[in-house]
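Note that the protein sequences, when read in sequence, are chains L and H. Each residue of the first sequence is one higher than the last, beginning at 923 in this note's numbering. Each residue of the second sequence is one higher than the last, beginning at 923 in this note's numbering.
Among the hints, a few may not be true.
Copies of the same chain look alike in the list, so a pair counts if it works inside one copy or between any two.
[What the hints assert, rightly or not] With a Cα cut of at most 25 Å, we get these calculated DMTMM-like pairs of lysine to aspartate or glutamate: (1) K980 - D1105; (2) K1070 - D1105; (3) K966 - E1013; (4) K954 - E991; (5) K1070 - E1113; (6) K966 - D1108.
These aren't lab readings, by the way, just hints derived from the structure by calculation.
Protein chains: 2
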Amino acid sequence: MGQQKTAPENGTRESERRRTILRAAIDVFARKGYHGCRIADVAKEAGVAYGLVYHYFKNKDELLETVFETGWSGFIARARAVAESEGPLVEKVRRIADVAFEAYRVDPRAVKVLILEIARSPAGARINRQTAFVDVIRLSAQMFTHAKEAGELRPDVDPLLASALLFGSIEMGLTAFVVGLADARDAVMLERAKAQIADSFLHGVLLGGASSKAEPAKHEGAKHEPPAAEAPGDAAPLKREKAAPKARAPKRG
Amino acid sequence: MGQQKTAPENGTRESERRRTILRAAIDVFARKGYHGCRIADVAKEAGVAYGLVYHYFKNKDELLETVFETGWSGFIARARAVAESEGPLVEKVRRIADVAFEAYRVDPRAVKVLILEIARSPAGARINRQTAFVDVIRLSAQMFTHAKEAGELRPDVDPLLASALLFGSIEMGLTAFVVGLADARDAVMLERAKAQIADSFLHGVLLGGASSKAEPAKHEGAKHEPPAAEAPGDAAPLKREKAAPKARAPKRG
DNA sequence: CGGCTGGTTGATTCAAGAATCAGCCAACCA
DNA sequence: TGGTTGGCTGATTCTTGAATCAACCAGCCG
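Go ahead and model the full structure; you've got the sequences and the hints to work with.
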């Protein structure tokens, strides 16, 4: 019984096929959404027989669950590493934003599924999903608690809420890209969005508030001056044209 | 043809029954999620025959759509009113947070559905949903653009992104309650959360940043001192116990 | 009173698609 | 070479639940 169905157990002994299917699932979910696609779609995308999906995954739910765990565990591990590391809060917040945006840059599809399908979705919340989501927030809440004790935070700031706000900002920032509100094809924009999220969260948006002056805006030593792309003609340089994705037609044959 | 099926037309001439069904739909969606419930559930909840649902709504999708429009239109109208009003940005931001939290206080179920089911959900994005969501963000982005021109915003802040962040914060703040991370039964907590969201967004969370000193923290003239409930023992006063909601068992008879 | 109208009912129909299963085939071993 | 194993196949079965529809009933009008 060194290898039974639906259980890869040891991460390494994971069949090539299984991974192919998982990848296909991510792509299909990202394209049509969990409910909007059939197992057949996943199988086809993976170039594999319908039945094989069930060889590797107990059912459709487990498939989504696995997609989730795969993607999420990576993120949470990195986030945890940052949260539990030593250093000033300012730095940590920036690095957390980093982690999230880097994940998006590397695999936007996966992030899309995570954000759109899993993070919320109460339906079939058989698994952690919510729990896992809540975990990161708790995790970083601890970070804020420590920061507060160290006098880095305003005393009237609630750590749990601050944590929720940080991730809310990050999530919505990413959502803007996922949804096409902002152009995701431009790496510079991702970079700027990331920076602004951290900055706004830390210093607020008001003119009066300490601008990034107090801190080097970038910890990569790059531009201190906004890039030329910053055309002030239109006030929303992140905006762009985008055709709405075509939804599947109603069933009627 | 003064009144054909599935079309209430004039808001006022809306049959009592129709409203009952809509209400039931909100409750059931909030409890089980859109995909997790059958029309039969809605009918039962409304105390109405199965078929009647189809008398008033073309199909399940239209039902969700209507729930959405009903709830959302109210919110967007208020938000727009605030965004387009005169006054300092600080005030506007606070009032927008107000609108959102007030909506939640009045009808948490409806807000839950809006947040969990509709705002995201790419599946069946037949209608606006996303679009509508995007609209509010665009709307408030204009507000930020004006504020920026008026010199109220830091120059390096992108209006569109700022808007996304504000609503991201609000949404995640509410989500914390929806999900049970924070205790929603306490009006004081809602009040505090609301205040902190606006404050953090405006001034940031750092100690160095201008605290709410520059502005009266509350525009309702109420408590300037945090209530006694503010036990500093645990660093996360918003936390509370909560049993996980029971999910429907897997189909297997 | 008897027939018409329109809201109401819920059993029946029907399609979608999840899950199963009987077996195929390639590799490997005796 | 014949037999065994196990990844793999995809037509078939079965369940679920959306949508339909024929009949019902209450009020109303002629």
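> Checking against the hints above, which ones are violated?
Replying inline: 1, 3, 6
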